[in-house]
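Q: Those protein sequence lines, which keep their order, are chains A and Z. Numbering that gives the first Met the number 0 applies: residue 0 is where the first sequence begins, and numbers increase by one. Numbering that gives the first Met the number 0 applies: residue 0 is where the second sequence begins, and numbers increase by one.
These are computed hints drawn from the structure, not numbers from a lab. As the structure is a computational prediction, the values presented were derived from the model and not from experiment. Some hints here could point you the wrong way.
Identical copies carry no separate label here, and so any pair may be met within one copy or between two of them.
[As the list claims (entries may be wrong)] EDC-like, lysine to aspartate or glutamate: derived pairs with alpha carbons at most 20 angstroms apart:
| id | residue 1 | residue 2 |
| --- | --- | --- |
| 1 | 225 | 104 |
| 2 | 363 | 297 |
| 3 | 225 | 237 |
| 4 | 363 | 257 |
| 5 | 225 | 324 |
| 6 | 225 | 73 |
| 7 | 225 | 323 |
| 8 | 363 | 104 |
| 9 | 225 | 15 |
| 10 | 225 | 10 |
| 11 | 225 | 360 |
| 12 | 363 | 331 |
| 13 | 363 | 46 |
| 14 | 363 | 34 |
So the chains spell out like this:
Protein chains: 2
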Amino acid sequence: MRAEVVAVGTELLLGDIANTNAAHIGRALATVGVDCFIHTAVGDNTERIAEAIGTALARADAVIVTGGLGPTQDDVTREAIARLTGRPLRRDPAIVEHLRARFAELGREMAETNLRQADVPDGASVIEQTFGTAPGLIVPHGDGVIYALPGVPAEMEEMLARAVLPDMLGRSGEPATILSRVVRVAGMSESAVAERLSPTWDMLGGDVTMAFLAGGGEVRIRLTAKAPDGARVHELLDAGEAAVRQALGPSVVGTDADTLEVVIGKLLLARGWTLACAESLTGGALAGRIVSVAGSSEYFRGSIVAYATELKASLLGVPRAVLDEHGPVSAECARAMAAGARSRLGADVGLAVTGVAGPTEQGKPVGTVVLGVAGPAGATEREIRLPGDRNVVRALSTGAALNLLRLHLMEGVR
Amino acid sequence: MRAEVVAVGTELLLGDIANTNAAHIGRALATVGVDCFIHTAVGDNTERIAEAIGTALARADAVIVTGGLGPTQDDVTREAIARLTGRPLRRDPAIVEHLRARFAELGREMAETNLRQADVPDGASVIEQTFGTAPGLIVPHGDGVIYALPGVPAEMEEMLARAVLPDMLGRSGEPATILSRVVRVAGMSESAVAERLSPTWDMLGGDVTMAFLAGGGEVRIRLTAKAPDGARVHELLDAGEAAVRQALGPSVVGTDADTLEVVIGKLLLARGWTLACAESLTGGALAGRIVSVAGSSEYFRGSIVAYATELKASLLGVPRAVLDEHGPVSAECARAMAAGARSRLGADVGLAVTGVAGPTEQGKPVGTVVLGVAGPAGATEREIRLPGDRNVVRALSTGAALNLLRLHLMEGVR
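Chain A on its own, in the form it takes in the complex (with noise of 0.2 angstroms):
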């Protein structure tokens, strides 16, 4: 099974976006196996959408185009499939129907212009839209087949992994199965992983293969294996999973979707904690990234943002005595930050975050961060220095937070 990808959108000729569609298709196709040599990227033009699918048609037996199915007057991936395959585009009354009630059900009026999204080529498939109002497009032509997704990421990588890798799946009958587990780490970096994993990459042989990605304050570790059954590739993946634990210890945090805030939630639930959050740099970007993990309300209270430097005296309690001989970006301010935070939230553990993210120094120099966190089992704080920019600096901090919480919360579930 050989594919392709054709990403529609000027947008992305032009380079107002990148192309992080196609990466994503490109990683779910490797991930189960399907063979893809090229992607192309092409402008709301139906002729030269059509011909960059009819090219890609002819190298690879499906060709999966992203872009082109909204409302609009640019929006030309269903004319272009059309002319392509010669197949007309006939509106279809049950997407109608759906794209009114959908509209209904939101209180909002439809402009015409959305029923456009209910043409589909005669004789293609239709794969239901979940979150948005475009839906998909399965359409077979000659030995090969198209499919057509909307440009909206989650729109797109939701119909991709529900509807057309199994489709493919169905079509190729090939045996091999390939799969990919990610384990990430927190509180290294890419090359004190890379050098620490040196010698497991040998020991792993060429059964499991390693690829490093760093970003947002962690790194991820894609391990892949390749085997005729499912089973012997789980064994696989088990056994590169071990070694990489062995070899990095706790700074591992866990597989897959178990990103940091999702581990400290499930240690929060074990032990019966709730938390609360105090920040001044990050901007509520800590509580954020917390209540991004859904069934957070069970144990996540709050956060105070004092972004003004008095806040943190009036709404968490920190002794303006401390804040005249230490400053806002101390050890003993991080400490007074997180006990405020128990106690004003009435929460567990208090988990603090104080900085400097620039552009302006305050006192300490732009990338000093101070952390701290306050718990049942005792209290600690830590003080970093990040480099980047302002929004590189509280995303990085944001991370540094979350792990010094999660270390700690490992020690007191002991």
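With chain A's structure known, arrange chain Z on it following the hints.
A: Relative to the frame of chain A, chain Z by itself:
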């Protein structure tokens, strides 16, 4: 002049990295007025790279290739160009000399494989390297030209600006300039914007093109104009922007870098007002958007993230009677939260958001969100229904709250 981009690297196909090089080159080509209709990504395979470049060159006057020029065995762009053009590779003694000097300067031993970077297709010109070790290439072929650049973004960008664009413009002799301007719109759906702009579209004719991009609770309209000289392009864009503003009125937030949070900052500074937030379902994301603007500490006081319902009473002073009678997702609660943010955080303006992000309903259906603003100019609340999963609802709520604040501040400033 028509160009195409061919990005080389198996890591692009596997989705380990997004094709940001193509985006950068696309932006650069648009700025100098060179048409670019297709981007291709291909893996580290000599035959397929040669084929991709050949296919692109059959459609375009120039092909910019990026990646595959490094020292390792999987860097085969040189070989691919040699094969396609029939120009044998010759080792360039000047580059060999440069490489040896470079490594000596860094005090590092040079592996022999580095000398592959000195291989140049017969008759090609060399683009000298400024940072890295791999030089770029300019290879004429038939009526067209191939530019080969390294894949490291900083090296690629430097060579593109210094050598490729000037060479390309020299060959084209076409004086056209293309420029784009983004108009940001909030509080309207993409289809509503498109419908409202339908007469504008016709009015502008072919001089200015419009493309729509929706996401993160806003619609971006990209206006693009092309003309022989820059002054005329700016005139066309000004006319296009004026037409869009006339059609959409106060829904227009601003242009280019003027996001909701930037515009709000300007309005607050103009009025000399400070801002504080009270959040529940957004969990800090509202404050996070506001502090992403450098200089926000001049007007932003902080935020109380009252995720647990009783904290709305204890931290924000929402009367218990309001919570009991109307519930935490009500206009009454939003009004009290906004007032509480003002008083408890000592701000002129309070912005509140409360609602149900899901997955579980809380008295009201998932997606129900109530926004409130309170300030010197009065108070207002607004209940909305948003589609999508937990994280989509949170992102859309944040955008809707910022937009309500913007409209409130615009009235206040009048």
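Q: State for each hint whether it applies.
A: To see whether the hints hold, each was checked on the structure:
1. 225 with 104: neither (45 angstroms within a copy, 42 angstroms between copies)
2. 363 with 297: Between copies only: 18 angstroms across chains, 37 angstroms inside a chain, cut-off 20 angstroms.
3. 225 with 237: Answer is within; shortest intra-copy Cα gap is 13 angstroms, inter-copy 56 angstroms.
4. 363 with 257: neither (34 angstroms within a copy, 30 angstroms between copies)
5. 225 with 324: neither (60 angstroms within a copy, 59 angstroms between copies)
6. 225 with 73: between (40 angstroms within a copy, 18 angstroms between copies)
7. 225 with 323: neither (61 angstroms within a copy, 58 angstroms between copies)
8. 363 with 104: between (52 angstroms within a copy, 14 angstroms between copies)
9. 225 with 15: This pair counts as between: shortest inter-copy Cα distance 17 angstroms, intra-copy 36 angstroms.
10. 225 with 10: For residue 225 and residue 10, only the inter-copy Cα distance (16 angstroms) is at most 20 angstroms; the intra-copy one is 35 angstroms.
11. 225 with 360: neither (51 angstroms within a copy, 42 angstroms between copies)
12. 363 with 331: within (15 angstroms within a copy, 43 angstroms between copies)
13. 363 with 46: Neither: 58 angstroms inside a chain and 48 angstroms across chains, both beyond 20 angstroms.
14. 363 with 34: Intra 51 angstroms, inter 47 angstroms, cutoff 20 angstroms: neither.
Of the numbered hints stated above, those contradicted by the structure are hints 1, 4, 5, 7, 11, 13 and 14, listed in ascending order.
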